[in-house]
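Just so we're aligned, residue 1 is where the sequence shown starts under the working numbering, counting upward by one.
Among the hints, erroneous ones may be present.
Simulated crosslink set (SDA-like; lysine to any residue; CA at most 20 Å straight-line) [claimed, not checked]: (1) K52 / F85; (2) K52 / E32; (3) K150 / P136; (4) K150 / T206; (5) K150 / E98; (6) K150 / A169; (7) K150 / E181.
Label pairs and their in silico Cβ distance ranges [as the list claims (entries may be wrong)]: (8) A90 / S241: 48 to 58 Å; (9) S34 / R113: 18 to 28 Å; (10) Q201 / K150: 35 to 45 Å; (11) S157 / G227: 26 to 36 Å; (12) S241 / V12: 45 to 55 Å; (13) R243 / E181: 21 to 31 Å; (14) A186 / L229: 27 to 37 Å; (15) P120 / D238: 25 to 35 Å.
Since the hints were derived computationally from the structure, they do not count as laboratory data.
Where a beta carbon is used, it is the ideal one built from N, C-alpha and C, also for glycine.
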Amino acid sequence: MHPVERFHRLHVPGDPILLPNAWDLPSARVLERSGFDFIGTTSLGVSAVAGKSDGTGSARDETVDLARLLGRLGAGVTVDIEAGFDDDPAVVADLVAELASFGIVGVNIEDGRPDETLAPVELQVQKIEAIRLAAPVFFINARTDPYWVKQDDDSFSVALERALRYCDAGADGIFVPGVSESGVIADLAEAVPAPLNILYQPGGPTVLDLARLGVARVSCGSLLFRGALGAIEALAADIRSGRQVSGAGIPSYSALQSW
Numbered sequence: 001m002h003p004v005e006r007f008h009r010l011h012v013p014g015d016p017i018l019l020p021n022a023w024d025l026p027s028a029r030v031l032e033r034s035g036f037d038f039i040g041t042t043s044l045g046v047s048a049v050a051g052k053s054d055g056t057g058s059a060r061d062e063t064v065d066l067a068r069l070l071g072r073l074g075a076g077v078t079v080d081i082e083a084g085f086d087d088d089p090a091v092v093a094d095l096v097a098e099l100a101s102f103g104i105v106g107v108n109i110e111d112g113r114p115d116e117t118l119a120p121v122e123l124q125v126q127k128i129e130a131i132r133l134a135a136p137v138f139f140i141n142a143r144t145d146p147y148w149v150k151q152d153d154d155s156f157s158v159a160l161e162r163a164l165r166y167c168d169a170g171a172d173g174i175f176v177p178g179v180s181e182s183g184v185i186a187d188l189a190e191a192v193p194a195p196l197n198i199l200y201q202p203g204g205p206t207v208l209d210l211a212r213l214g215v216a217r218v219s220c221g222s223l224l225f226r227g228a229l230g231a232i233e234a235l236a237a238d239i240r241s242g243r244q245v246s247g248a249g250i251p252s253y254s255a256l257q258s259w
């Protein structure tokens with residue numbers, strides 16, 4: 001079975017695929033070794049590693065370079081391309097065609113902008129349509145951000161309206177980050193005619209909870225990246241304080257050399 005087809009089939013409402021997000025080759029390999037057959041990337045992690053700001057479209061080259069490396073993994077990879085790094089649908093389509101040539105199975109494309117507004121829906125539709133033409137066998141996860149941006153309209157109505165338009169344009173899945181209320185998630189899962197992707201949030205619904213609500217995909221976003229930074233801080237503080245540090249769970253030097 002083609003990896004993209006297998007990826008499609010794992011998006012089951014009520015039995016969601018858990019998609020962890022990597023930011024470099026070692027983090028992706030750790031996730032692959034942990035048993036994840038499919039991995040996403042986090043644009044925040046990729047941008048931060050490059051010393052750039054997330055969501056500004058400035059980390060295009062780093063995203064492509066990482067995708068080229070991750071395409072060699074045994075695990076399938078879907079890439080976060082922010083808003084496509086350009087407002088010209090043809091340019092976005094060319095980018096996706098390049099990613100597909102590396103063996104990447106899908107992309108996540110968002111409609112939120114750095115100024116905390118939403119991109120014009122027609123422009124986003126054109127991008128999705130262009131991607132669909134450029135990569136017919138590909139998983140397009142269309143993210144809509146009304147719960148994360150400043151806007152006066154009802155967030156649910158905006159999210160649903162955009163989800164319907166994006167599905168008509170060729171999106172395979174709909175991602176609505178920022179939602180944690182169970183009732184809203186269940187309503188979205190019922191109303192959206194495509195697999196619903198929800199962002200896992202500490203303190204929010206568990207993966208089992210989201211499964212019961214009809215979610216088909218659970219993403220970790222930048223959580224693992226931020227957790228890794230927290231672990232670095234805590235480990236360094238333990239060493240400095242003179243506390244005994246266990247090596248449990250820490251890959252050895254020789255293991256990393258073999259990667």
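Taking the hints in turn, this is what the structure says about them:
| no. | hint | result |
| --- | --- | --- |
| 1 | K52 / F85 | holds, 13 Å |
| 2 | K52 / E32 | violated, 26 Å |
| 3 | K150 / P136 | violated, 34 Å |
| 4 | K150 / T206 | violated, 27 Å |
| 5 | K150 / E98 | violated, 33 Å |
| 6 | K150 / A169 | violated, 25 Å |
| 7 | K150 / E181 | holds, 19 Å |
| 8 | A90 / S241: 48 to 58 Å | holds, 56 Å |
| 9 | S34 / R113: 18 to 28 Å | violated, 34 Å |
| 10 | Q201 / K150: 35 to 45 Å | violated, 20 Å |
| 11 | S157 / G227: 26 to 36 Å | holds, 34 Å |
| 12 | S241 / V12: 45 to 55 Å | holds, 47 Å |
| 13 | R243 / E181: 21 to 31 Å | violated, 41 Å |
| 14 | A186 / L229: 27 to 37 Å | holds, 33 Å |
| 15 | P120 / D238: 25 to 35 Å | violated, 50 Å |
Checked against the numbered hints listed earlier, the structure breaks hints 2, 3, 4, 5, 6, 9, 10, 13 and 15; every other hint is satisfied.
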